[in-house]
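Asks: Protein chains in written order, with numbering that gives the first Met the number 0: chain Z, 0 to 615; chain B, 0 to 615.
Each hint should be verified, as a subset may be incorrect.
Identical chains share a label here; the pair holds if one copy fits it or two copies do between them.
Here are the simulated lysine to aspartate or glutamate pairs, EDC-like style, with alpha carbons at most 20 Å apart [what the hints assert, rightly or not]: (1) K12 to D89; (2) K460 to E293; (3) K354 to E6; (4) K460 to E481; (5) K448 to D262; (6) K276 to D191; (7) K25 to E15; (8) K460 to E100; (9) K276 to E137; (10) K460 to E512; (11) K298 to E137; (12) K23 to E147; (13) K448 to D582; (14) K460 to D483; (15) K108 to D191; (16) K448 to E549.
If you're looking for bench data, these hints aren't it; they were derived computationally from the structure.
So the chains spell out like this:
There are 2 protein chains.
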Amino acid sequence: MFQTFSESADPTKGAERAAALRVKLKELGLDGFIVPRSDEHQGEYVPKSAERLAWLTGFSGSAGTAAVLADKAAIFVDGRYTLQVRDQVDPAVFEPVSVLETSVGDWLKANAVGGQRIGYDPWLMTRAQVRRIAISLESIGAELVSVETNPLDNVWQDRPPAPITPVAIQPESLAGNPVAEKLSEVVKLVTDARADAAVLTDPASIAWLFNIRGQDVPRTPLPLSFAVVNATGRPELFIDGRKLSNAVRDTLESSADVREARDFPARLAELGQASRKVLYDANGSAEAVASLIEKAGGKLVEGSDPVALPKARKNPTELAGTRAAHIRDGVAVVRFLRFIEGSAAGSLTEIDAAKRLEEFRAQTAAEGDVPLADLSFDSISSTGPNGAINHYRVTERTNRALADGELYLIDSGAQYQDGTTDITRTLVIGAPSPERLDLYRDRFTRVLKGHIALANARFPKGTTGAQLDTLARQALWQAGLEFDHGTGHGVGSYLSVHEGPQRIAKTGHTPLEPGMIVSNEPGYYRAGDFGIRIENLIVVRELEPVPGGERPMHSFETITLAPIDRRLIQARLLSAVEIAWLDSYHTRVFGALSGWPTLTGEERAWLALACRPIAG
Amino acid sequence: MFQTFSESADPTKGAERAAALRVKLKELGLDGFIVPRSDEHQGEYVPKSAERLAWLTGFSGSAGTAAVLADKAAIFVDGRYTLQVRDQVDPAVFEPVSVLETSVGDWLKANAVGGQRIGYDPWLMTRAQVRRIAISLESIGAELVSVETNPLDNVWQDRPPAPITPVAIQPESLAGNPVAEKLSEVVKLVTDARADAAVLTDPASIAWLFNIRGQDVPRTPLPLSFAVVNATGRPELFIDGRKLSNAVRDTLESSADVREARDFPARLAELGQASRKVLYDANGSAEAVASLIEKAGGKLVEGSDPVALPKARKNPTELAGTRAAHIRDGVAVVRFLRFIEGSAAGSLTEIDAAKRLEEFRAQTAAEGDVPLADLSFDSISSTGPNGAINHYRVTERTNRALADGELYLIDSGAQYQDGTTDITRTLVIGAPSPERLDLYRDRFTRVLKGHIALANARFPKGTTGAQLDTLARQALWQAGLEFDHGTGHGVGSYLSVHEGPQRIAKTGHTPLEPGMIVSNEPGYYRAGDFGIRIENLIVVRELEPVPGGERPMHSFETITLAPIDRRLIQARLLSAVEIAWLDSYHTRVFGALSGWPTLTGEERAWLALACRPIAG
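Extracted from the complex, chain Z is given alone in its bound form:
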């Protein structure tokens, strides 16, 4: 089982650990210190050895920052974690602060004083983050100071070692393009940016570029590493040699110079000494990278990670892989949906359900040729009011039974070697009262209308996700309703389930290009009562010319395959076009999944019923 449902956090250690850190800060002549959740790679998942924020404060969420001054400290979290932080952190030691209302910089401005020196580890923050906080501190005459060694690491006695899991080669039969081809595309982007080299610090970029995968962090198959892509000459991969078998090393060395990760800082200084112009992502890469290059005399070209866009545009082989992964994943989800429908209301808990879904995925994957490599994130298995909490993760403490008349929302995904999945379905449990059912149906159908509007969209080449986001909200807006998250995020190919730069959201300013995978997940949440979300992954594709059409257009192909709960659909709220989409989607789901060799007759019959036309 990949998932656990325990809480590792312990609020009781905060006081002594903050005290130990403060002693160390005093030795170093620092008046405070900033502890972000990030590691050196600024990714969503970090290894245990980099769980500094959790060790110090007890807070185990995926995003947050602590600021420690001599006499007070605070922990900054966003809306997802305002409840969780109060359970996991001792508020007498770390004041919980909503980062949307008060940024770290704002808080330091109000709580630090002129002349103070506040430290930070330049490997754990991006240049953009550092700039913002530095401006706040400057405004009160205080100073943000970079440290060479992280003082927290000095006082963290039982810190686990950095992970050294084996690196695997992602075969060309799944990656689609050889490393040489990918490199030439990325080198061209580096040259176009008028840079001599680019520094890659995102392990997902490096994994894609060199066709490698690993297990250094949970949920995302990444080997932690750094790389330098040179405009002329071979690229350099900086990775702990113990992760490489001889065979893997040989393969890598055919296209790159393989060097030890600990040599990376020296190489950055070397680039600087050689007066190189280095492409640097101020929003994605550690400040340390920038300052090592600049201090040695190099020049930064601020831009985006040059791998991000090529990686986002999936090639035909990757798309074929992800389609295969979605059939396998869809069969597992169908088995799970049937299992939930067949279980008596109240007989299952959120944890039971999440475990069962993971079992179905492992079983179905084992039946195919491609085993379940991991989940793509911890399942959001949530019933009733828990469904209204975005990014809910069930624990023994929050666990609830799937009770009669409630809505059950399950958002989950898997990592298979041929693709990454992410799907949300919302189901009705037992028999709600007619009034409840009417309410559920109204809201569910409006969310579905938004989902279909996006799935059915046609749009000119060059259109961004920001331009499409409203389509998923219109039906809710008409009823005075709204949901407070983006409609879709990018998804990787046996890589991160959250991938940029493409997204369907107000902030999605990247044009959607053929091959990009994004989620389509509008929702509706009634705090303290229930939550609804319908999520499929969709792929941008070139639209066959429409008769009479004049512009190159794109559209989406929906690749997630699982029925949408018909009991929650209010058919009279749907237009003919919407019903046609739904019926055609269900026909496709049945066609794609019903041929799975080990599907039982009963499973097939259930699927047929779940996929029958709305009019039927």
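Following the hints, complete the assembly by docking chain B onto the known chain Z.
Replies: Only chain B this time, still in chain Z's reference frame:
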């Protein structure tokens, strides 16, 4: 008649005038000079005394820039003017350049050489514009040099004097709020920006703030002037005293210090000498303003014109005025539409039609209490292929007859003392072939569907125009079609017909707030064949709570009142909701206009027929 249809431009003078300018540049030690179309106020309309670009090159369009080097020169225009510039400018003297492909900076980078000094008049360019060109010149080792006196003005022998039209007070019965109230709102914004003062260079901002209007430029009732709003103390208005009657001066002096416009630069230096922090709009105000303050020791706070948002949110009095203006304007448009319908195909030209519409406006306004003060822009009276040219202005040379089977597109507006109008209608002339009519109807109905989707939108408080723009395009996108302009621009209240910051477009990142007026004008253009646009003005308003709704929502009220050509509607392409909107709109148009006292029985009968329900 406010409009003229002649072309004032003369391409034959370019050679001698460029030569004269070059002699002057040489005297000044300059290797080149930049001549924008803007005046000191960066507005859309400039007085004759500031038509430097037209004098030098012959080009009379509303946007463009010339760059003159010793041996070559270029004129930069956008897509609207690529045809016009070739008619008006001698290409042997000024190479026409598409500014979207090659910016002024790009061109100078390619055509100037290291060590050269390129001059510009800092009163005619914003800081943002100067920055962009300076960076390009620096990259080749050349320099952008600010001049104290514009060398073009030295060689422009017959330059007209600056306008000194009388300033009128806009009474509180139309402006809604007294100057003191407006001032306190603006002063608060200056204080919130942590500035000691704000400099206003947009005459529309000054006109709104001090409740004044004038006639210094065509089409927009503005007195050209500058102002300084002080965080403490009285505001200062810099204006040529000859524009002020004693009564107007007295009124102004009750709330402001009135000073001569020529004293404005000295006052900026004074602010600098006093080390004031001055709010400055780098995208909207002249570079000279910024540099005069900075050179004298002041500090700039870069931000937006603090008047822009308060001005954009119309108060109830302004909205009542604009509704009255739209009834008057609607009656004139109805008379015009009936006139066109009653004229034999081929019997009218675009100029005839434009003149007739202006006459109807003048006549109808005279019947009411509020005379026609001006048009709000030169009417776009365009038939057949001319309709596909955005921003087309008919001249004797381009004039076409409204021929049988063609579409006629008329985009026009008026300035009344109580409001500014802007309306586009597209009509079918005579009897097109069934195939043509089918094509027209398909396209027209898709544009109408977009228009209705926006008019009917409900959206949460905080939503921007960028989020709504797509609604107006969906029906076209489904057919592989698109239009290449924004869906809507802000509109002033007896002020500029193009007003920011609100707009419905990809770039509209200002939240739409109650009282803001924007246009709703999707279109479709088939180059060389025909153009379609349907434009009404709409006002953002707070939506009455929807039963079961949870969020504060906004919606639009359509204020433009004139029938939409039923002959061009393909009813089966419309949904029930769309038909309901259209029928209800037409009912409202008839209700609002049919009571106009001087409407004849025949006119009323025509209107009733034009407004009958789609199903009828």
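Asks: Does each hint hold? Answer for all of them.
Replies: Comparing the hints with the structure gives:
no.: 1; hint: K12 to D89; verdict: within (9 Å within a copy, 80 Å between copies)
no.: 2; hint: K460 to E293; verdict: neither (39 Å within a copy, 45 Å between copies)
no.: 3; hint: K354 to E6; verdict: within (16 Å within a copy, 78 Å between copies)
no.: 4; hint: K460 to E481; verdict: between (28 Å within a copy, 11 Å between copies)
no.: 5; hint: K448 to D262; verdict: neither (54 Å within a copy, 62 Å between copies)
no.: 6; hint: K276 to D191; verdict: within (12 Å within a copy, 41 Å between copies)
no.: 7; hint: K25 to E15; verdict: within (15 Å within a copy, 76 Å between copies)
no.: 8; hint: K460 to E100; verdict: between (37 Å within a copy, 19 Å between copies)
no.: 9; hint: K276 to E137; verdict: between (29 Å within a copy, 18 Å between copies)
no.: 10; hint: K460 to E512; verdict: within (8 Å within a copy, 31 Å between copies)
no.: 11; hint: K298 to E137; verdict: between (25 Å within a copy, 17 Å between copies)
no.: 12; hint: K23 to E147; verdict: within (14 Å within a copy, 60 Å between copies)
no.: 13; hint: K448 to D582; verdict: within (13 Å within a copy, 25 Å between copies)
no.: 14; hint: K460 to D483; verdict: between (28 Å within a copy, 13 Å between copies)
no.: 15; hint: K108 to D191; verdict: between (40 Å within a copy, 18 Å between copies)
no.: 16; hint: K448 to E549; verdict: between (28 Å within a copy, 19 Å between copies)
The earlier numbered hints that this structure contradicts are 2, 5.
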